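Got two chains here, each in a separate frame; can you build the complex from them with the hints?
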Amino acid sequence: MTENIPRKLPRITIDQKKCTVPFLCKRCLQICPDAVFRVQRVLEREERLRELDPRVDGNYVLSAPRPDKCAMCNLCLDSCPADAITIEL
Amino acid sequence: MCWLCDQFGDTEYADGLWYLNPKNYARNMYKLRDPSKGFQGAGVAMETGEQSGPGLPEIMEALQTDRETYERVTKEWHASLGLHGQGAQVIPMEHADRVLELCSPIALIACICRNAWRAKDERNDMEYTCMGMGVGMLKWERWPERYKGGVKFLNVEEAKEWNHEMDRRGFVHILMLFGAPYIGGFCQCDYPDCNAIRWRLDFGVSTVKGHHVAMVDHDTCNGCGVCAQRCQWGALKFEVTFGKPNIDLFKCFGCGLCETGCPRKAIKLVERKSLASLAEVW
Numbered sequence: 001m002t003e004n005i006p007r008k009l010p011r012i013t014i015d016q017k018k019c020t021v022p023f024l025c026k027r028c029l030q031i032c033p034d035a036v037f038r039v040q041r042v043l044e045r046e047e048r049l050r051e052l053d054p055r056v057d058g059n060y061v062l063s064a065p066r067p068d069k070c071a072m073c074n075l076c077l078d079s080c081p082a083d084a085i086t087i088e089l
Numbered sequence: 001m002c003w004l005c006d007q008f009g010d011t012e013y014a015d016g017l018w019y020l021n022p023k024n025y026a027r028n029m030y031k032l033r034d035p036s037k038g039f040q041g042a043g044v045a046m047e048t049g050e051q052s053g054p055g056l057p058e059i060m061e062a063l064q065t066d067r068e069t070y071e072r073v074t075k076e077w078h079a080s081l082g083l084h085g086q087g088a089q090v091i092p093m094e095h096a097d098r099v100l101e102l103c104s105p106i107a108l109i110a111c112i113c114r115n116a117w118r119a120k121d122e123r124n125d126m127e128y129t130c131m132g133m134g135v136g137m138l139k140w141e142r143w144p145e146r147y148k149g150g151v152k153f154l155n156v157e158e159a160k161e162w163n164h165e166m167d168r169r170g171f172v173h174i175l176m177l178f179g180a181p182y183i184g185g186f187c188q189c190d191y192p193d194c195n196a197i198r199w200r201l202d203f204g205v206s207t208v209k210g211h212h213v214a215m216v217d218h219d220t221c222n223g224c225g226v227c228a229q230r231c232q233w234g235a236l237k238f239e240v241t242f243g244k245p246n247i248d249l250f251k252c253f254g255c256g257l258c259e260t261g262c263p264r265k266a267i268k269l270v271e272r273k274s275l276a277s278l279a280e281v282w
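Chains as they are written, first to last, in my numbering: chain A, 1 to 89; chain B, 1 to 282.
This is chain B alone, in the form it adopts within the complex (with noise of 0.2 Å):
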């Protein structure tokens, strides 16, 4: 079972998915704090981006030892990442839209990884890739000096315009908690700029898979390859023996970017636990 399920899922609401469970929706999930005073709770990591476990410079360390250190090394992290409050799941374009029917304030901000690792300097709402979700957004509104390029705000409606249209541009639909439980980023991320994706396919850290997979209905497909340009997670490939694509399920994050961009609807998602080898596959 996926563990954020596990925790912060509700059998009452969505099937026990944690996404859709209200409560980790709460008013309360980011305090307004005041410049001043520095910041506290468990979104601290997130913000200044100090981390009392191992980070990249020692699993570059432990890159040079051996294999056993760097396991360590790489376990520890992503334990600590878990108590820090920290954690992410891919989500497909139609539950996304179900997740922004659920919070508010829904605000656009320029995306922190494409900045630091790209150095794209998003300024307006017609370059934002990143979403911010609850109270945490208006301190953004508040402080433009402390929080770089501004900050819009936007409604349900246009939230769900917004998200189709990342979805149209090829981003995966990442969800990001800021002090688990509570969700306060919506990312649109690629590789390798996005920590979200980088950390899990680089070092099998961070990132959830989805609680989906993709299929493809071969009888439908005309082998346009349209999909096979969408799949960041190297799940997906061209099948030349058949002209069709075919998908690793097993390395498939259920993000569903080959299903909405396919033109003949030959591809499908299904529910991850509906197969019984890949119920672990987190």
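Next up, chain A with everything else stripped away, as it sits in the complex (with noise of 0.2 Å):
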């Protein structure tokens, strides 16, 4: 709790264009010490839940909802294989 002090957050950009397969690759969801990306389906509201095939391109979306938590380690950049990520200050 005490960290939440309000301060400028990082800014943290995927591009969705070379991110196409979140869900399988799992390599920065799973290597940020504090969770700080998801992955979704593409899917609206109700549709949520349904199954979807990982491996097909834009099936999944990546995003990080909890720039709070990002430390600027860069652990994630270093393991992303499509250089999709960028955070900046």
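Don't read these hints as lab results, they were simulated from the structure.
Note that the coordinates shown come from a computational prediction; the quantities given were computed from them, not determined experimentally.
Treat the hints loosely; a few may be bogus.
To be verified - For each label pair, taking beta carbons as the anchor points, the in silico distance ranges come out as: (1) A:D57 with B:T11: 44 to 52 Å; (2) B:G204 with A:P10: 20 to 28 Å; (3) A:V42 with B:T11: 14 to 22 Å; (4) B:P57 with A:V42: 14 to 22 Å; (5) B:M1 with A:L75: 42 to 50 Å; (6) A:S63 with B:D121: 12 to 20 Å; (7) B:K23 with A:Q40: 33 to 41 Å.
To be verified - With a straight-line Cα cutoff of 27 Å, these simulated DSS-like cross-link-like pairs (lysine-lysine) come out: (8) B:K120 with A:K17; (9) B:K265 with B:K160; (10) B:K244 with B:K268; (11) B:K75 with A:K8; (12) B:K139 with B:K160; (13) B:K268 with B:K237; (14) A:K69 with A:K17; (15) A:K26 with B:K120; (16) B:K75 with B:K273; (17) B:K265 with B:K75; (18) B:K251 with A:K69; (19) B:K75 with B:K120; (20) B:K273 with B:K251; (21) A:K69 with B:K152; (22) B:K251 with B:K237; (23) B:K273 with B:K244; (24) B:K120 with A:K18; (25) A:K69 with A:K26; (26) B:K120 with A:K69; (27) A:K69 with A:K18; (28) B:K139 with B:K152; (29) B:K268 with B:K251; (30) A:K69 with B:K244; (31) B:K251 with B:K265.
Where a beta carbon is used, it is the ideal one built from N, C-alpha and C, also for glycine.
Structure representation (structure tokens):
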């Protein structure tokens, strides 16, 4: 709780053209010490829980909803095979 | 008093503990819905991910303004979770066993949180780390194309066995409301993968502490340190000075993992209400 001091948060951008199969790759999702990333199916609303083939390009989308937990350690940048992540303050 | 007991407990049952009140396991705890009609009712936000109040993006935005704004938005978030009938409470393994005797049907499913935050792909009953309860589980079976990963129905004995195995592995047991007061999920959580733990520890919203706290008997403890690996709350630490663990009772959520993990039975759960200073610490 004490870390939640208002401040400028890192801006994490993911190039969706380069990051095409995040649920299959999952390197950044599992290497991030504080789980900054999230992967979701492209389906909307009530379709959200439906099964989708993780091997198909664009079926899953990677986002970074927790920039407050990003220490800018860059482990994700090093692990990304597609060079799809950029982080700047 | 715990707000869940205050609202949903009944003094006739289990000393007023809301989750041991059979009324909260009524058959209508989850509506069966026709997929073509979409979601409705109190559990909507949980399934669609939609909320009328603020959520993570708003919190992240508020964190970049000032403390006042951040605190206001966090409070609004907490309130909106309550309005949507969402809530959760930590329970110890033994109480979980009693819960499993009250509800039906019981089924294992893939964990939604681990799926989203760690891309864990749980595909069968050996891998499932989440349990759903109530008639809502039937829709998993009825519409397999709609609910990923499938479902495995269990009888009470199998469910208890699974509960104990999850405890052995070190997961915290959390009951989830899906449209208060109905209990629809029994989550096995750890930090940071699980929303129930994470929202609470990071932002102070959502999950309510359990009805117990854990205390160490230093005479029986041999300082092996097993318990120190099992606390997800940052409440139990190994105190180097004594070579024994100590538990911050204000941080303890009463999950009982340190108790069940202790090889010498040196840790005991005591009722939160038996300690005057903790009466309002939830």
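Now for the hints, and whether the structure bears them out:
1. A:D57 with B:T11: 44 to 52 Å: Cβ of D57 (chain A) to Cβ of T11 (chain B): about 58 Å, so the range 44 to 52 Å is violated.
2. B:G204 with A:P10: 20 to 28 Å: holds, 23 Å
3. A:V42 with B:T11: 14 to 22 Å: Violated, at about 49 Å.
4. B:P57 with A:V42: 14 to 22 Å: holds, 18 Å
5. B:M1 with A:L75: 42 to 50 Å: Taking Cβ atoms as reference, M1 (chain B) and L75 (chain A) lie about 44 Å apart, which means the hint holds.
6. A:S63 with B:D121: 12 to 20 Å: holds, 18 Å
7. B:K23 with A:Q40: 33 to 41 Å: Holds, at about 36 Å.
8. B:K120 with A:K17: holds, 23 Å
9. B:K265 with B:K160: With a Cα-Cα distance of about 21 Å, the restraint between K265 (chain B) and K160 (chain B) holds, given a limit of 27 Å.
10. B:K244 with B:K268: Roughly 15 Å between the alpha carbons, so the hint for K244 (chain B) and K268 (chain B) holds.
11. B:K75 with A:K8: holds, 21 Å
12. B:K139 with B:K160: holds, 23 Å
13. B:K268 with B:K237: holds, 16 Å
14. A:K69 with A:K17: Since the Cα atoms of K69 (chain A) and K17 (chain A) sit roughly 25 Å apart, the hinted pair holds (cutoff 27 Å).
15. A:K26 with B:K120: holds, 9 Å
16. B:K75 with B:K273: holds, 26 Å
17. B:K265 with B:K75: The given pair, whose Cα atoms are some 40 Å apart, is violated under the 27 Å limit.
18. B:K251 with A:K69: Within the cut-off at roughly 21 Å; holds.
19. B:K75 with B:K120: violated, 31 Å
20. B:K273 with B:K251: The hint holds at about 15 Å.
21. A:K69 with B:K152: violated, 35 Å
22. B:K251 with B:K237: holds, 11 Å
23. B:K273 with B:K244: Judged against 27 Å, a Cα distance of about 26 Å means the pair holds.
24. B:K120 with A:K18: holds, 22 Å
25. A:K69 with A:K26: holds, 18 Å
26. B:K120 with A:K69: holds, 20 Å
27. A:K69 with A:K18: Distance ~24 Å between K69 (chain A) and K18 (chain A) Cα, so the pair holds.
28. B:K139 with B:K152: Roughly 12 Å separates the two Cα atoms, so the pair holds.
29. B:K268 with B:K251: holds, 16 Å
30. A:K69 with B:K244: violated, 31 Å
31. B:K251 with B:K265: This hinted pair holds, its Cα atoms lying about 21 Å apart.
Violated hints for the displayed structure, listed by number in ascending order: 1, 3, 17, 19, 21 and 30.
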